[in-house]
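Asks: Now for the letters of each chain:
Number of protein chains: 2
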Amino acid sequence: MDRRQFIRKAGLVSTGAAASVGTLAMPAIAQSMPEIKWRLASSFPKSTDAIFGSSELFAKTVSEATDGKFQIQVFPAGELVPPLQVLDAVQNDTVEITHTASYYFIGKDLTFAIATSLPFGLNTRQQQAWILQGGGLELFNDFLANYNAVMLLGGNTGTQMGGWFRNEINSVADLKGLKFRVGGVGGKVLSALGVVPQQIPAPDIYPALEKGTIDATEWVGPYDDERLGLYQVAKYYYYPSFWEGSSALQYMINKKKWDELPQAYKAVLKAAAALANDDMTAAYDARNFAALKRLVAQGVQLRPFSREILDAAYDAAFKLYEDEAAKNPAFKKIYEPWKQFRAESYQWFRVAEYNFDSYVYSQQAAGK
Amino acid sequence: MDRRQFIRKAGLVSTGAAASVGTLAMPAIAQSMPEIKWRLASSFPKSTDAIFGSSELFAKTVSEATDGKFQIQVFPAGELVPPLQVLDAVQNDTVEITHTASYYFIGKDLTFAIATSLPFGLNTRQQQAWILQGGGLELFNDFLANYNAVMLLGGNTGTQMGGWFRNEINSVADLKGLKFRVGGVGGKVLSALGVVPQQIPAPDIYPALEKGTIDATEWVGPYDDERLGLYQVAKYYYYPSFWEGSSALQYMINKKKWDELPQAYKAVLKAAAALANDDMTAAYDARNFAALKRLVAQGVQLRPFSREILDAAYDAAFKLYEDEAAKNPAFKKIYEPWKQFRAESYQWFRVAEYNFDSYVYSQQAAGK
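Chains as they are written, first to last, in this note's numbering: chain P, 478 to 845; chain D, 478 to 845.
Any given hint could turn out to be false.
Any copy, or any two copies together, can satisfy a pair, since identical chains are not distinguished.
Straight-line C-alpha distance at most 25 Å; calculated SDA-like pairs for lysine to any residue [unchecked claim]:
1. Lys585 <-> Pro781
2. Lys816 <-> Val773
3. Lys734 <-> Asn623
4. Lys845 <-> Val649
5. Lys743 <-> Glu533
6. Lys585 <-> Arg784
7. Lys743 <-> Trp515
8. Lys845 <-> Glu799
9. Lys816 <-> Ala768
Hints are computed from structural coordinates only; laboratory data are not their basis.
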């Protein structure tokens with residue numbers, strides 16, 4: 478197709494009007510594969526390499542797929558923007574894109590948590606199904622329009638661990654006054670049970686735990702936790718993180734910049750994000766075991782949270798959600814369909830998935 | 478970068494040598510984004526729309542991402558090639574690509590089964606982690622080189638259902654002589670328990686079950702099974718399909734055609750396949766519940782396979798794998814690392830993932 482025919486097919490008269498419209502309004506027509514450079518501000522340091530590596534894979538794929546015409550430079554947390562201010566940076570077009578966890582922004586609106594994780598929420602498969610095929614993506618992009626942003630899935634850590642405790646925690650009474658480094662909605666739920674949530678940046682966790690400034694901390698799971706060396710100062714490693722049954726990350730993109738992209742680049746970004754999404758989850762799923770084995774060899778004691786603690790936290794979590802839905806229409810608009818999806822997907826997963834897992838795991842436990 | 482500089486950077490002298498090398502050997506240099514048309518022969522009919530729709534999404538994404546330059550035309554099962562001959566068609570370059578299930582080709586070599594599912598094998602997350610980050614993809618592409626093919630992940634159905642039975646099946650004794658439409662390695666395992674596996678194409682299943690020519694049949698899960706109407710002629714719906722704890726599909730591509738692609742198009746294919754991979758799994762995960770609910774409303778009786786049946790099948794399955802590994806080096810080369818990955822990923826998933834799922838599902842079962 479020659480250029481004149483292309484312009485005609487695009488519904489424009491071939492009188493030079495296309496050129497006068499300007500590149501920003503009509504980039505796909507002015508040049509279908511223009512040279513573009515974006516900056517990605519990550520909320521994560523290079524040391525969380527399953528996460529950071531997936532964002533590098535995303536950028537590499539975008540570059541390769543466009544023959545180097547669309548370049549995304551990836552910056553670790555703090556280099557361009559502090560890790561929890563990346564959404565502001567995207568909103569203000571300081572950077573075009575971030576790789577982040579939506580729940581970092583619950584200070585703006587608790588609704589943000591739902592895209593990453595609500596305590597006792599969806600597991601990884603369910604969260605992804607809800608976003609991709611259950612209406613979640615459309616709901617979130619409507620919500621994110623208020624922040625001049627659109628999102629794509631950006632990987633999932635899977636179910637996280639409940640964290641490192643200096644002492645055993647058996648009952649709700651043991652949680653009273655516990656200084657626990659835990660953020661987000663998990664922190665809100667646990668505070669209802671008497672925990673005193675602490676906010677401490679990653680590099681300061683080890684010394685705080687060593688000195689007893691805090692009693693416990695959570696981070697991610699074996700693969701990332703091992704690097705912080707926490708097992709040397711807190712030997713009880715609890716599971717699961719009931720506040721992160723899965724933890725989904727996102728690519729959030731400045732909406733104006735997204736809307737201006739040629740169709741081809743939108744397709745490339747969506748596909749490259751899916752590739753990185755799969756890569757990150759697979760990285761955690763493939764690497765956690767070896768780290769867990771090394772931790773146990775170091776004397777780490779694995780402990781499940783007691784039913785008493787889980788039950789109390791469960792009740793506190795759903796009370797929190799219902800209270801929020803009663804006063805926050807944005808939360809209610811997403812929470813209610815999410816809750817419905819949760820109920821339905823649990824019912825399905827309880828049939829085939831859970832029974833398959835239960836049987837094969839029981840065989841392994843029996844040494845077969 | 479002008480063309481001369483591009484050629485110089487690619488390590489070629491700028492004396493016209495590039496042109497004389499020919500387009501097949503050096504397509505990325507001759508033209509980085511050439512016009513290409515491929516034909517995809519699917520093993521699946523349009524009626525399995527979660528699967529077929531994902532292959533259409535794959536082709537649409539490839540086209541969009543390349544501004545229409547790389548077109549893949551998708552043909553349902555049988556239109557170009559019979560559904561189980563798609564690998565031959567790729568190998569012979571009758572078509573460039575197929576969307577299929579590797580285990581359809583166990584008649585050539587049992588090794589093919591491992592990329593889709595072995596009975597009592599990996600669940601969806603574990604299978605994907607093994608392929609993407611556990612060495613599975615490299616092992617399979619080495620194996621597929623013998624068939625002039627390379628693979629990309631092409632979606633997963635999740636744990637399937639065990640199928641439709643006219644009568645209850647409680648013990649291994651009940652399986653003796655049972656005419657069960659079940660193929661692949663599942664059929665081999667069940668035949669060791671006395672089942673007489675039947676091969677019947679999808680359109681003939683319903684009448685065969687209605688007339689009693691067969692006693693039972695398996696297909697996929699609620700979403701696909703509902704359309705075949707099997708609940709009208711066999712009311713016992715068993716779970717889980719222990720022979721398909723997950724069932725991974727693949728895009729298989731003629732290796733010469735793959736090797737000839739410009740780097741950009743390889744990146745686009747990999748990323749578009751990941752997008753379609755996520756879409757297909759999410760489609761099943763999001764749609765199975767509603768179908769299951771309708772089936773139960775029609776009087777379908779859900780039944781778990783008994784422990785006795787599962788245990789007998791488990792022993793038969795691993796005996797089959799060990800026997801095959803002893804006589805088939807290609808199988809052994811992939812089975813042994815797969816088995817190791819299985820053992821390790823089970824140990825990790827049993828900690829956080831399984832305990833999270835167990836708790837939240839138990840809360841739902843208790844009406845909370």
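Asks: Could you place Lys845 and Glu799 in one of the four classes (within, between, both, neither) given a Cα distance threshold of 25 Å?
Replies: between (45 Å within a copy, 14 Å between copies)
Asks: How do Lys585 and Arg784 come out at 25 Å by Cα distance, when the copy is not named: within, between, both, or neither?
Replies: neither (33 Å within a copy, 51 Å between copies)
Asks: Tell me, please, which holds for Lys743 and Glu533 at an alpha-carbon limit of 25 Å: within, between, both or neither?
Replies: both (18 Å within a copy, 18 Å between copies)
Asks: As a check of your reading, is Lys816 near Val773 (CA-CA no more than 25 Å) within one copy, between copies, both or neither?
Replies: between (37 Å within a copy, 22 Å between copies)
Asks: Since the copies are identical, ignore which copy is meant and state whether Lys734 and Asn623 lie within 25 Å (CA to CA) inside a copy, between copies, both or neither.
Replies: Answer is within; shortest intra-copy Cα gap is 15 Å, inter-copy 46 Å.
Asks: Quick one: Lys585 to Pro781, C-alpha cut-off 25 Å, is that within a copy, between copies, both, or neither?
Replies: neither (33 Å within a copy, 47 Å between copies)
Asks: Have a look at Lys845 and Val649 and pick one of within, between, both or neither, based on CA distance no larger than 25 Å.
Replies: Intra 37 Å, inter 20 Å, cutoff 25 Å: inter-copy only.
Asks: Regarding Lys816 and Ala768, is the shortest C-alpha distance of 25 Å or less found within a copy, between copies, in both, or in neither?
Replies: Cα proximity of Lys816 and Ala768: across copies only (19 Å, versus 34 Å in one copy).
Asks: Is it within, between, both or neither when you check Lys743 against Trp515 at 25 Å Cα-Cα?
Replies: This pair counts as both: shortest intra-copy Cα distance 13 Å, inter-copy 22 Å.
In this structure, the hints that do not hold are numbers 1, 6, in rising order.
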